[in-house]
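S.K.: As a plain string of letters, each chain reads:
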Amino acid sequence: MNSVPSISKEKIDLIKEKAKMSRLETIRLISKAKSGHYGSSFSCAEIFATLYYHVLRYDPKNPKWPSRDRFIMGKGHSAVGVYSILADVGFFPKDELDTYTDLGSAFGDHPDMNKIKGIDFSSGSIGHGLSVGVGMALAARVDGEKYRTFVLMGDGELEEGQTWEAVMSAPNFKLGNLVAIVDNNKVTVDGVTKKLMNVNPIKEKWESFRWNVVEVNGHDVEALIDTFDHLPPVDSEVPTVIICDTVAGKGVSFMENGFEWHVAYLGEDDMKKAIEEIERGN
Amino acid sequence: MTVHTDFHKDTWELYKSLEMAKQLTTGETLARLGDEHPEIVALCADLGKPTRIYEFGKKFPDRFFNFGIAEKNMVTAAAGLASTGKIPFVSTYASFLGILAAENIRTAVAYPNLNVRLVGTHTGIAMGFYGSSHHATEDIAITRSMANMTVISPADGTALAEMIEESVKTYQGPIYFRVSRGREEPVYGTDGVKVKNKIGKANVLRQGTDLTIIACGIEVNEALKAADKLADYGISASVIDMHTIKPLDINCVLDASKNTGAILTVEEHNIVGGLGSAVAEVLMESGVQCKFKRHGIYDQYSIIGKPYYLYQHYQLDGDGIASVAKKFLEK
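Just so you know, the sequences run in chain order L and F.
The C-terminal position of the first sequence is numbered 866 in the working numbering, with every residue numbered one higher than the one before it.
The C-terminal position of the second sequence is numbered 389 in the working numbering, with every residue numbered one higher than the one before it.
Hint data in this document are derived by calculation from the structure and do not stem from the laboratory.
Computed from a predicted model, the values in this text were never measured in an experiment.
Keep in mind that a hint or two might mislead.
[To be verified] Quick list of in silico lysine to any residue cross-link-like pairs, SDA-like style, CA-CA up to 20 Å:
#1 L/Lys758 x F/Pro119
#2 L/Lys699 x F/Pro170
#3 L/Lys701 x F/Gly143
#4 F/Lys117 x L/Val726
#5 L/Lys758 x F/Ile127
#6 F/Lys116 x L/Asp727
#7 L/Lys758 x F/Asp120
#8 L/Lys648 x F/Gly143
#9 L/Lys758 x F/Gly126
#10 L/Lys701 x F/Pro170
#11 L/Lys648 x F/Asp120
#12 L/Lys699 x F/Gly231
#13 L/Lys758 x F/Asp104
#14 L/Lys699 x F/Gln230
#15 F/Lys116 x L/Phe757
#16 F/Lys364 x F/Gly231
[Said to hold, decoys possible] Pulled from the structure, derived: some chain F residues nowhere near chain L, Cβ distances all over 12 Å:
#17 Ile127
#18 Glu223
#19 Asn309
#20 Lys316
#21 Tyr367
#22 Lys384
[Stated by the list, open to error] Pairwise CB distance ranges, derived in the manner of DEER restraints:
#23 F/Lys252 x L/Thr683: 50 to 58 Å
#24 L/Lys758 x F/His371: 29 to 37 Å
#25 L/Ser615 x F/Leu312: 49 to 57 Å
#26 F/Ile127 x L/His814: 32 to 40 Å
#27 L/Glu844 x F/Lys107: 51 to 59 Å
#28 L/Trp649 x F/Leu312: 46 to 54 Å
#29 F/Glu243 x L/Asp819: 47 to 55 Å
#30 F/Lys227 x L/Asp819: 29 to 37 Å
#31 L/Asp819 x F/Lys107: 28 to 36 Å
#32 L/Ile591 x F/Pro119: 36 to 44 Å
#33 F/Ile127 x L/Gly775: 26 to 34 Å
#34 F/Leu312 x L/Lys758: 49 to 57 Å
#35 F/Ser191 x L/Gly775: 33 to 41 Å
#36 F/Gly189 x L/Gly775: 38 to 46 Å
Glycine is no exception: its CB is placed at the ideal position from the N, C-alpha and C atoms.
Start from the sequences, fold in the hints, and give me the full structure.
M.R.: In structure tokens:
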């Protein structure tokens, strides 16, 4: 990826810092629950940070601003990685996160749009996300709104049949205002996607469904910014999918690429090691 | 609104039958409301014409979306539309809506409490010989058990139109409308009973002293016919149109139990989990003494046949209901 002069070093450093914060907060919150999605949140930490600190248009003081960009987590189990960012950008006070997974808390493993400011749609049933995005993108068309709808999906999510109903429908409805982001971290709960239920070739599948396909390293902040900065115009007719090559558990050496860490719990010693590695950064 | 037809009762040809599906008023009602309510959008899944929601699409093509044969995507996209303030009306056959897309309705519509209106048509055994796969005798039970959900089975096209209008103008939360194939004789309207159908409020259509028949959907009209027949036997029957199954008009049920001491529920649905179950729950918890029977499909997969004969077979026509009621009272 060529360097893009318009992206300042400060911006890139900020996003890297926020991705680090997302990972550290993920560890802190899961340590409260003693079970949670580390690997699949770490794999999209840079994607989350790039979206919230560069791409998305939103107003934390007016979370339901009708013209805001929408962000849907098809892979809702990564919500733990987003909560700290929503607090950091001002949707709610950070100490609200201390209730994570407590009885009646707004903050659980999967996000609830009616309980958490800044969450555009509740999720938890893998495969719904892109369909919700199709609906939101259609609404923008009906209303003449210029917002974009972004949907984060896992590569495992591509195993769900409904996903392909949605993939088929978006170009049919000419939804150039819809952007799918595939966090291709290559693992699911039970194993490695390629072996368990091979979803490859991902790129060719989306191309054959008539999407504009972009591939990018999902941990390269500069490349992510460049990709999002060069999306086709909102009023274009072809939806875009950004296939992000990512590493499950990214940032903690002993977690990287291990499906065992998709849902797990770090004991005290391992937690210290993980925090050290994330703080050291790479 | 009386249906006039030159067709023999055996005849059911899809496109000809569309002209006869006059009680499927979703599309025309939405077309009428569409200018005043820009928040209305409509979605279908390759059954826009048989469900007649296409009537809205003809007038508002930019607010009408045909999703092809992909109900899960359609229902979930409707939820996305609703999250932006739209009131999406989704219509397809009930077997592909309340049953096939049940998880999408539960997770994407009912749980977030969104203003999606689902209109499942050709419910119960209305699809006749098209196959048991196309019958929907579980959709009340499924949707009724979803929190936030309102479940309505209107007696005819007038009732459907009135409650659709109410749902657009004043009602909050998701609704599952359960309607038949639209070829049935109407209960309400210019030629029928003049009652304004209101969500959650049952209509007492006939007052009797010996028995109350509580029905929903097209069985309301059959219950009225049954009441006529029962009068010939010297049995005086009340008839209640319990169009809203959830939230149930509890007071109406309790009044009926006190007034007649015997209740028969009638629905084209499995007797497990439907209108009969909802009424039974109220009666048991109230502690009133009342004879009670559920009539419908008796926990089996319905056989196929032309609808006219199928309703007869299951004693879901006027004569059949009268016969069931008579035996019930003799017990």
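S.K.: Now, for every hint given, state plainly whether the structure supports it.
M.R.: Each hint tested on the structure:
The suggested pairing of L/Lys758 with F/Pro119 holds, with an alpha-carbon distance near 15 Å, which does not exceed 20 Å. Annotation: proposed proximity of L/Lys699 to F/Pro170 holds, straight-line Cα distance about 10 Å (limit 20 Å). For the proposed pair L/Lys701 and F/Gly143, the alpha carbon gap of about 17 Å is at most 20 Å, so the pair holds. For the suggested pair F/Lys117 and L/Val726, the alpha carbons sit about 15 Å apart, so the restraint of at most 20 Å is met.
With a C-alpha separation of about 18 Å, the suggested pairing of L/Lys758 with F/Ile127 holds against the 20 Å cut-off. Between F/Lys116 and L/Asp727, the direct Cα distance comes to roughly 19 Å. Compliance with the 20 Å bound is thereby established for this hinted pair. Pair hint L/Lys758 plus F/Asp120 holds up; C-alpha atoms about 12 Å apart against a cutoff of 20 Å. Under the criterion of a C-alpha separation no larger than 20 Å, the hint pairing L/Lys648 with F/Gly143 is consistent with the structure, at around 10 Å.
Among the hinted pairs, L/Lys758 with F/Gly126 is consistent with the structure: their alpha-carbon atoms are about 15 Å apart, no more than 20 Å. Distance restraint check for L/Lys701 and F/Pro170: the Cα-Cα separation of roughly 14 Å lies within the 20 Å cut-off, and the hinted pair is therefore satisfied. The suggested pairing of L/Lys648 with F/Asp120 is violated, with an alpha-carbon distance near 24 Å, which exceeds 20 Å. Between L/Lys699 and F/Gly231, the direct Cα distance comes to roughly 17 Å. Compliance with the 20 Å bound is thereby established for this hinted pair.
A C-alpha spacing of about 18 Å is found between L/Lys758 and F/Asp104, which places the hinted pair at or below 20 Å, so the restraint holds. Using a Cα cut-off of 20 Å, the hinted pair L/Lys699 and F/Gln230 holds, with the two alpha carbons roughly 18 Å apart. Annotation: proposed proximity of F/Lys116 to L/Phe757 holds, straight-line Cα distance about 17 Å (limit 20 Å). For the given pair, F/Lys364 sits about 36 Å from F/Gly231 by alpha-carbon distance, which is inconsistent with the 20 Å threshold.
F/Ile127, annotated as away from the interface, has a beta carbon of chain L within 12 Å; the closest lies near 9 Å. At roughly 21 Å, the least C-beta separation between F/Glu223 and chain L is larger than 12 Å, which holds for a residue marked as non-interface. With a minimum CB-CB distance of about 31 Å to chain L, F/Asn309 clears the 12 Å threshold, and the non-interface call stands. Every beta carbon of chain L lies more than 12 Å from that of F/Lys316, the smallest distance being close to 40 Å; the non-interface claim holds.
The beta carbon of F/Tyr367 is kept farther than 12 Å from every beta carbon of chain L, the shortest such distance being approximately 37 Å. Annotated as non-interface, F/Lys384 keeps its C-beta farther than 12 Å from every C-beta of chain L; the closest such distance is 48 Å. Separation of F/Lys252 from L/Thr683 is about 55 Å and conforms to the stated range, judged on CB atoms against 50 to 58 Å. Remark: the range hint 29 to 37 Å for L/Lys758 to F/His371 is contradicted by a beta-carbon distance near 48 Å.
Checked against the hint of 49 to 57 Å, the C-beta distance between L/Ser615 and F/Leu312 comes to roughly 53 Å, which is consistent with it. Checked against the given bound of 32 to 40 Å, the beta carbons of F/Ile127 and L/His814, roughly 35 Å apart, stay inside it. Judged by the Cβ atoms, the range 51 to 59 Å given for L/Glu844 and F/Lys107 holds: they are separated by roughly 52 Å. Range check, L/Trp649 to F/Leu312: Cβ separation about 48 Å, and the 46 to 54 Å hint holds.
Roughly 50 Å separates the CB atoms of F/Glu243 and L/Asp819, a value that falls within the hinted 47 to 55 Å. F/Lys227 and L/Asp819 have their C-beta atoms about 33 Å apart, which keeps the hinted 29 to 37 Å range intact. The hinted window of 28 to 36 Å between L/Asp819 and F/Lys107 holds, with their beta carbons roughly 31 Å apart. Taking the beta carbon of each, L/Ile591 and F/Pro119 are about 42 Å apart, inside 36 to 44 Å as hinted.
About 32 Å separates the C-beta atoms of F/Ile127 and L/Gly775, a value consistent with the hinted range of 26 to 34 Å. Between F/Leu312 and L/Lys758, the C-beta spacing of about 54 Å keeps the proposed range 49 to 57 Å intact. A hinted range of 33 to 41 Å for the beta carbons of F/Ser191 and L/Gly775 is consistent with their spacing of about 35 Å. Evaluation of the 38 to 46 Å hint for F/Gly189 and L/Gly775 yields a pass: the beta carbon distance comes to about 39 Å.
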